Structures are given as C-alpha cells and as structure tokens.
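Asks: Please work from the sequences and hints to get the whole structure.
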Amino acid sequence: MTQNTMQPDHNGFFGSFGGRFVAETLMPLILELQAEYDAAKQDAEFQHQLAYFQRDYVGRPSPLYFAERLAEHFGGAKIYLKREELNHTGAHKINNCIGQILLAKRMGKTRIIAETGAGMHGVATATVAARFGMSCVIYMGSTDIERQQPNVFRMKLLGAEVIPVTAGTGTLKDAMNEALRDWVTNVDNTFYIIGTVAGPHPYPAMVRDFQAVIGRETRDQIMEKEGRLPDSLVACIGGGSNAMGLFHPFLGDESVKMIGVEAGGKGVATGKHAASLNGGVPGVLHGNRTYLLQDEDGQIIDAHSISAGLDYPGIGPEHAWLHEQGRVDYVSITDDEALEAFELCCRQEGIIPALESAHALAQVAKLAPNLPHDHLMVVNLSGRGDKDMLSVAHYLGDKFK
Amino acid sequence: MNTVSRLDQRFAALKSENRPALVTYITAGDTSFESSLEILKGLPAAGADVIELGMPFTDPMADGPAIQKAALRALEAGQTQAKTLEMVRAFRQHDQDTPLVLMGYYNPIHRYGVERFLSDAASAGIDGLIVVDLPPEHDEELCLPAARHGINFIRLATPTTDAKRLPKVIENASGFIYYVSVAGVTGGQAPTPQRVEQAVGQLREHTQLPIAVGFGIRSAEQAATIGRFSDAIVVGTALVECIERAATPRDAIEAVHDLTRELAAGVRRAR
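The listed protein sequences correspond, in order, to chains F and R.
Throughout the first sequence, residue numbering follows my numbering, covering 1 to 401 in sequence.
Throughout the second sequence, residue numbering follows my numbering, covering 1 to 271 in sequence.
Note that these hints are calculated values from the structure, not bench results.
Note that the structure is predicted; figures quoted are calculated from it, not measured.
Among the hints, erroneous ones may be present.
[As the list claims (entries may be wrong)] Reference listing, derived: stretches of chain R covered by chain F, where coverage requires no fewer than 3 residues with Cβ under 8 Å from a Cβ of chain F:
{"#": "1", "stretch": "107-114"}
{"#": "2", "stretch": "156-169"}
{"#": "3", "stretch": "181-190"}
Where a beta carbon is used, it is the ideal one built from N, C-alpha and C, also for glycine.
Replies: Right, dumping it as structure tokens:
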C-alpha cells in the first residue's frame, strides 16, 4: 500500500470515501480545525503534552497480555489481548479525547460537546473536560440512556450536562445529529469532540492518529515478546476507532492480516443489524461519504445491536476504503455470539469485556481453533464491561438466578 | 444554457416592481402527498414568488425540530424522491412561471443517482437546488453537473463565511444566494436586522446575484424589515408549524395560504 492511500487527499477523501459534507456554517470551523491540527502535529510542545497525559493520566502504555487460558481453550492461535480496557475511564476512547481537548485548549475554546452511544466516549469526554476546566455537554439518545445508566451517572458526576435525544430512535446517530446542530449554533466558543473515525475531514484522520498509539505500542510489545510481527489483528467496529487505532501502524506490513468485526445484531439477513459494510451501500451522512444502512430512497435505517457502542448505521470512511481495497476483512458477529464470547472471557481470563469488544472475541472463537499454535493473533480489548452489567443481566439473567 | 431561467426572470420582474420576493418553504408530502400538493398549488395565488420544496430526509442536521418533524411526517406518509418529482410535475401542469427549488440533503439524491436525478428533476420542471451538506469544496458532486442540466445551484452564505471564503462560496452559485441570517438551525432565534443588512451589503460587493435572507423569519413585520435591503426573504418553519398545528388537512392548507398572504403583504410594504 502506498503512502497516498494512507492519508486522505486535500478534500479529505480516502479513495471516494470521506470528504467534508457539512453545512456552510461549519465549513470555516472545520478548515480552522484542520489548520490547527496540522500545526499541532508539527509542534514538539503539543506532542510532549500529549505523551505526558497519555502516560500519567491515561496510564499508557496499556499491556499486551498473553491470554493463555483462552488460547488453550481454543487450542489454536496464540492469542494476545491489547488491554485498552485498563485505560483511565475503561476504554480506548480517552486516547482520542486527550488529544482533542489539548487541541481545544490550544484553539482557545471553552465549551466541549460530544455525542455518545454506549457512554464510553461521553465519559471520556466529560473526564477530560473536567481535567481541563471546560464546560461539557453530552448528547445521548434516550434509548441509550436507558440501557447505559451507570455511564449517565458517571458523566453527571464529572460535571457534564447529559442531554437526552428523543429524535429518531434515540440512539447514536440521532445524538450525532443533535451535536452537529449544537455546533452550528454555538460556533464561537465550542469544540466538538467526535468520538470515532467518522465525521467531516479532518476528524477521521485526526481521531485515527490519536488512536494509533494502540497499534504503535502493540508493535513494540509484540516485537519484544515474540521478536516478530503478529500474523493477525482483530477488533470490533462501530464507527471504527479502536480498530483503526490498532490496524493503522500495520497497514504497510503485508504479512499482517486484519479482521474488523461489525455488529451483526440478530443476523445481517434479518435486517436487524449494524453491519454497514456487510449490509449497507455508500452514501453521505454526518459529513462523510461511507457505507451506510439505508433504504432504496436514501433514508437512513436504524441500526440494531446489543452493544450500544456499535449501534450506528455508518462506519469510518477509511474502513470503507480499506474494505474496497481488500486490505482488511470485515465480518459480522451476532448478538448471541457476542454474549457467548463475553461469558467465555469472564470465565477463562477473569476479564469482563465490553459487549463491543466481545464481538471481536467472538470472531477469535471462530478463527483461532483452526490456526496453528505459532499463529500470533492480537485482539483489541477496547473496553471493560462494567457498564454492560444491566444489559447482560437482562439477557443472561435467568442463568444466574 | 441560452434560455433565461425562471429564477432569473422572476427576480428581474420583481426588481422592476422594486419589491423583494417572498420565498416559501414546505416539506413535500407533509402530511400526505395529496394535501401537500394542494398547498403547493395554492402558494403562487397566495403570494409566494418562489417556492422551496423540501425533500424529506431522516437525518436533517441543519434543521430545527419543526422541519425535522415535518420530514418524519412526510416519510411516514410514504413520501419518496420519486413522489416529490411527481408532485412537481403535477404542479407544473398548472403553473409554468413560478420558480421551484428543491431543498434538502445529499444522500437521497446520491442514492437516486446524480445524473438520473438531475435529468428527472429538469424534465419535471425544477429550477434550482439547495443542498445543505454540499459546500463548494464538493462542487463536482452536484453543483457542476446541475449546471449542465440547466438547474441552478443555490449556495448558502452564513455568518461564519468570512470575506476570504466568500468568493469560493459564490464562484459556481447561480439563481440566488441564500444568506443564512443566524448561525444555527432552521426555526431558531430571530436575526438582528442591522447585522443582516451589513452582511447583505458585504455580499453585494462580491456578487450580482439576488440575495435572499432566511432562518428565523416568521412574520410579515420581519419580512418587511429584512425585505427593505434584501432581494428575497425565506419563510419555512412558521409555515411548517401551520401544518403541524392544523386539526385537519383542510385546516393545514388554509393556514399555510393565510400566512403566505400575510407575508406577501409584508414584502409588498418593505420599500
């Protein structure tokens, strides 16, 4: 893969995906953000600050852990877990939030807004806003508020205002619409911290860069432990930021196979899923062209997944591009398969994964048994499952009576 | 295109009358195809000079609650891009003069297929397009192809569009320039006339195109005030709210036309 395909063009396109499909009111803001981000990338002081907060506040580097019991259980590949769930706030989301809040500070912004699905990005945003003394408003779908109560409370505790979004189906896409409406109204003081590798350019590339610390660390860690690159990488995908963070530093290494796992909900054939690449077609939403769940008339179809964090009808544009290039394999895992893997990880490794990450583990369950013992597989354990206790109790409750 | 567009003709005629145009917005198919078509057909007689017809979309991120709900009502009633074009064809059987502009978001056009959409829209009698999420950076997507089909592409300029950016915004625009009077979504706070007048003055330094002002204009009084220095005023949310409040389709049709008549009186006393 050439360098060209790894960076978007001047209009923010990865191939035909990406771009800056926003209202004119937001264009000057997005261009300013891009200029500031380009400058920050070259600024040693900014990079120094970022490294400092990643280390002393987030707790990086996160361990690359040999999941010996899971590997034994599957009887095939040697499985490593990249422990992003051990980060401060319990997921990979804060890697990006720290980067963006430093940028917000640099730009003199005083008010932070964000959308959230599972609430992990909302919590991470509320956390950094508290740390940097900025006011914070989080938009969250009313359906998600119901199923992610602990995270709603965490955000409020951290001083954020959580605004329920009842429009549409009250999930992540509606929260993102509402955040964009806030931004277009509060153009002077507000910084929008988008939580995934989607949205208008420069967000997809910028969020990817802040998350790429996952892949860079993995590279060093596996070299140290095994003396060679991994054979495969597995990560779950909603918008796709944890996957892009893990994958991106390896894109140029042809020997490294990559598997992105979409949320198959009740099964892609049922129409009740969140698998944009496996069940969608290209379109334009939330500032970028990408694969979307939509009907024949171009109306967006609501996604379905047991995992609120994957419950989004689109996917980051760079993933759409990698899909068309055939560089990454995109597969889907159903709600039931994810729940099974969730339980297995709890029992075998004593780690309660987020339901999102359980989708990646379910794919490992399919692949690992058929691979040789010397196959090195790295799975991004993108978040911890504490937030999912209520949902999981709902699905598995009877079992534990 | 050698032919003068309906928009050019209409604005030229109003210029000679020395009054601003009244541009009215409704969402196509709100609350049904039939009642929406009735509203549409009666708008010119009620005093609308230019008609904006909204193409409903599930995720209208530049719109406030009123127009969001209108889009959902229309979709619920089964409105599609094809039906919106059908509505335009039906309108054109009785009216060959009133300029009709489609307004909406890119995805439904993208899905329909850009070339197919433009050729169907041109033959249906569409004069212009306002597509909120297509800034000039993406002119090759729809703006330039539309010009090849003789369809005007109306560009939005906003309070955040600075003098440096303005030439780019205006470059491929045609029909008129739509000045978004407040940073925000449709149906929000009322604009400050002095600030809008200043902005319109600035726009005139860069373009000969007529300048319409919209967002937050609801009353005949505001129409008269803003219409003093602009070439058109746009009212959407207030009309859409008439439909939302109406108890029956008949009430909705009457309420929209009544408000249109009031607004038409407003633009007629602007200067």
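Asks: Now tell me if each hint is right for this structure.
Replies: Tested hints:
Residues of the stretch 107-114 of chain R lying with their CB closer than 8 Å to a CB of chain F number 6, which satisfies the three-residue condition for coverage. Note: the stretch 156-169 of chain R has 9 residues with beta-carbon separation from chain F under 8 Å; the three-residue rule is met and the coverage holds. Against chain F, the stretch 181-190 of chain R contributes 4 residues with a C-beta closer than 8 Å to a partner C-beta. That satisfies the three-residue criterion, and the hint holds.
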